[in-house]
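Enquirer: Single-letter residue listing:
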Amino acid sequence: MSEDIFQRMSPGLRRVLQKAFGQPGAQPWEEVRLRAGAPLLVVSAHGDFFLDPSGNVTHLEANAWRVTREEIDKTVDLICDNSVYAHEAEISQGYITLPGGHRVGFCGKAVMRDGKVFTLTEISSLNIRLARSVPGAADGLMSWILDRKGVPYNTLVFSPPGAGKTTILRDIVRQLSRGNPDLGCKGMQVAVADERSELAGTRRGLIQHDLGPRVDVMDGCPKAIAMLNLIRGMAPQVLVTDEIGRMEDADALAEAVRCGIRVIVSAHGGSLVEVAARPMMRELLKAKVFARMVRLGRSEGSGTIEEIWDGRDATLLHPARGRSNLIRLKG
Amino acid sequence: MIKLLLSVAIVGGTSTAGWLLARDLKRRPEELRSLQTAVRFLQTEVDFRQSAIPEALSRVAALSSWPAGRLFSRAAEYLNQGEAADVQSAMTVAMEEVFRHTALAPSDAELIIDLASSLGRSHREDQIRHLTVCLERLAAAEREAREVARNNVRMFTYLGVLSGTAIVLLVV
Chain P
1 MSEDIFQRMS
11 PGLRRVLQKA
21 FGQPGAQPWE
31 EVRLRAGAPL
41 LVVSAHGDFF
51 LDPSGNVTHL
61 EANAWRVTRE
71 EIDKTVDLIC
81 DNSVYAHEAE
91 ISQGYITLPG
101 GHRVGFCGKA
111 VMRDGKVFTL
121 TEISSLNIRL
131 ARSVPGAADG
141 LMSWILDRKG
151 VPYNTLVFSP
161 PGAGKTTILR
171 DIVRQLSRGN
181 PDLGCKGMQV
191 AVADERSELA
201 GTRRGLIQHD
211 LGPRVDVMDG
221 CPKAIAMLNL
231 IRGMAPQVLV
241 TDEIGRMEDA
251 DALAEAVRCG
261 IRVIVSAHGG
271 SLVEVAARPM
281 MRELLKAKVF
291 ARMVRLGRSE
301 GSGTIEEIWD
311 GRDATLLHPA
321 RGRSNLIRLK
331 G
Chain V
332 MIKLLLSVAI
342 VGGTSTAGWL
352 LARDLKRRPE
362 ELRSLQTAVR
372 FLQTEVDFRQ
382 SAIPEALSRV
392 AALSSWPAGR
402 LFSRAAEYLN
412 QGEAADVQSA
422 MTVAMEEVFR
432 HTALAPSDAE
442 LIIDLASSLG
452 RSHREDQIRH
462 LTVCLERLAA
472 AEREAREVAR
482 NNVRMFTYLG
492 VLSGTAIVLL
502 VV
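Protein chains in written order, with my numbering: chain P, 1 to 331; chain V, 332 to 503.
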């Protein structure tokens, strides 16, 4: 999987990364961070480290291989298939999805037009995130989010960035779409509103991850519009979307719930208080839309299920400790 | 008898040379027209379909006549197979392959290589600007090539026959 990404990096960078990660048994990585004039930084589940010109791990900045502007420019060209214009909308949003669902974030000089970011030029930083399709990543969670009939509760999964929300959500989609006989879950029609092309990693109309046989993906469309279109057009039993945050997302979710569709969504936030700081989330929590709320963390590696609440009565279900600070949100 | 055969060979040879030169003069505007049509297709690919360059080149190649069809399809192959690092080097290698079979002038090939140096490297509006400039240059080159052809095709044809005849009269 890494090889796909390495082919889209400048020759110098590719050489160093292939030396470091090209061999079987090499340690897994999660992110490669390129910053013009700065050392090549790799983030793994166990922290970050630099790579030296021979691809060896080092923690000394002085020994690290330094990324040049030219390396960044060349990598951007390759990431864009030598076609920056074809990725204009994605670049203006700050990221591109690669085949395989891997995501590359950009930082540079923003060119504004009509108050919006028209494009980014002079790109100075890239964050290349490896998309992991981890079948079974949601195994520990499925029994919590399915009711006795094997139908999922309305579920909110939240965590700080990089704690595995999308990976877990992807596996939930796969298990619901394929069905999980052990838990009495028959395969369900699942619709995915994938605004950032990350969950399904759709490229040229083909879903890049195994999401099971009953999945429809609205790709690259603002979530709220995508959710309403999916509700109208695809008659889903379950609606899934990643990183909700805007007020119109809440309206679309409420509409889905009114239609009897189960919703499974993720949001950024290290705690319930942080999640509820967003007015739209506060509204959803007050309306008790979510019967299950799951906090992910990294205490035992990315994707660790730290806490699960019943959002209707604020009971902490896992680990069993009683009622949570959700009560404070009730007013 | 030998003198007659030799005379025929000389006149035949110079006439053919003159005819070939004249043919190239006539072909150049047509080939420049083929390149313009292809660049116009490419403009549509970039502007409306927003397809990536390798895909756009392949699609344009399928719609284009010689030499643009061959040129673009070879460039697309180099990019798709990862044999070229960028669009400019893919197009340069493809042009080197195709150029000797064309009637194009080196300055015509330069116009396409110049376009390739900026192709895909900026946002859409800027790409359209580059493509439009290239189209204008190709159109100017075509006008100039037609003018040259109009003035010189007949001359090269006659010159071939007459120079052969002159050689025969002087030497044989």
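Hint data in this document are derived by calculation from the structure and do not stem from the laboratory.
It cannot be assumed that every hint is accurate.
Residues from chain P shown here face chain V by an in silico Cβ test under 8 Å; the list is partial [what the hints assert, rightly or not]:
no. : residue
1   : 82
2   : 83
3   : 84
4   : 85
5   : 90
6   : 93
7   : 114
8   : 115
9   : 122
All residues carry an ideal CB built from backbone N, CA and C; glycine is no exception.
Enquirer: Go through the hint on residue 122(P) and say holds or violated, using the shortest Cβ distance to chain V against 8 Å.
Expert: violated (12 Å)
Enquirer: Do the numbers back the hint for residue 85(P), that is, is its least Cβ distance to chain V under 8 Å?
Expert: holds (4 Å)
Enquirer: Tell me if residue 84(P) is really an interface residue toward chain V, meaning its C-beta lies closer than 8 Å to one of theirs.
Expert: holds (6 Å)
Enquirer: Does the CB of residue 114(P) sit less than 8 Å away from some CB of chain V?
Expert: Violated, because the Cβ-Cβ distance from residue 114(P) to chain V comes to roughly 14 Å (cut-off 8 Å).
Enquirer: Is the hint on residue 90(P) kept, meaning its closest Cβ partner in chain V is under 8 Å away?
Expert: Check failed: Cβ of residue 90(P) comes no nearer than 11 Å to chain V, outside 8 Å.
Enquirer: Holds or violated: residue 82(P) as interface residue toward chain V, Cβ cutoff 8 Å?
Expert: This hint holds: residue 82(P) lies near chain V, its Cβ roughly 4 Å from the closest one there, short of 8 Å.
Enquirer: If you take the shortest Cβ to Cβ gap from residue 83(P) to chain V, is it below 8 Å?
Expert: Hint on residue 83(P): holds, closest Cβ of chain V at ~4 Å, below 8 Å.
Enquirer: Is the shortest C-beta separation between residue 115(P) and chain V less than 8 Å?
Expert: Constraint on residue 115(P) not satisfied, violated at 17 Å.
Enquirer: Does the interface hint hold: is residue 93(P) within less than 8 Å of chain V, judged Cβ to Cβ?
Expert: It is violated, given that the least Cβ distance between residue 93(P) and chain V is near 14 Å, above 8 Å.
Taken one by one, the earlier hints fail for this structure at numbers 5, 6, 7, 8, 9, listed in ascending order.
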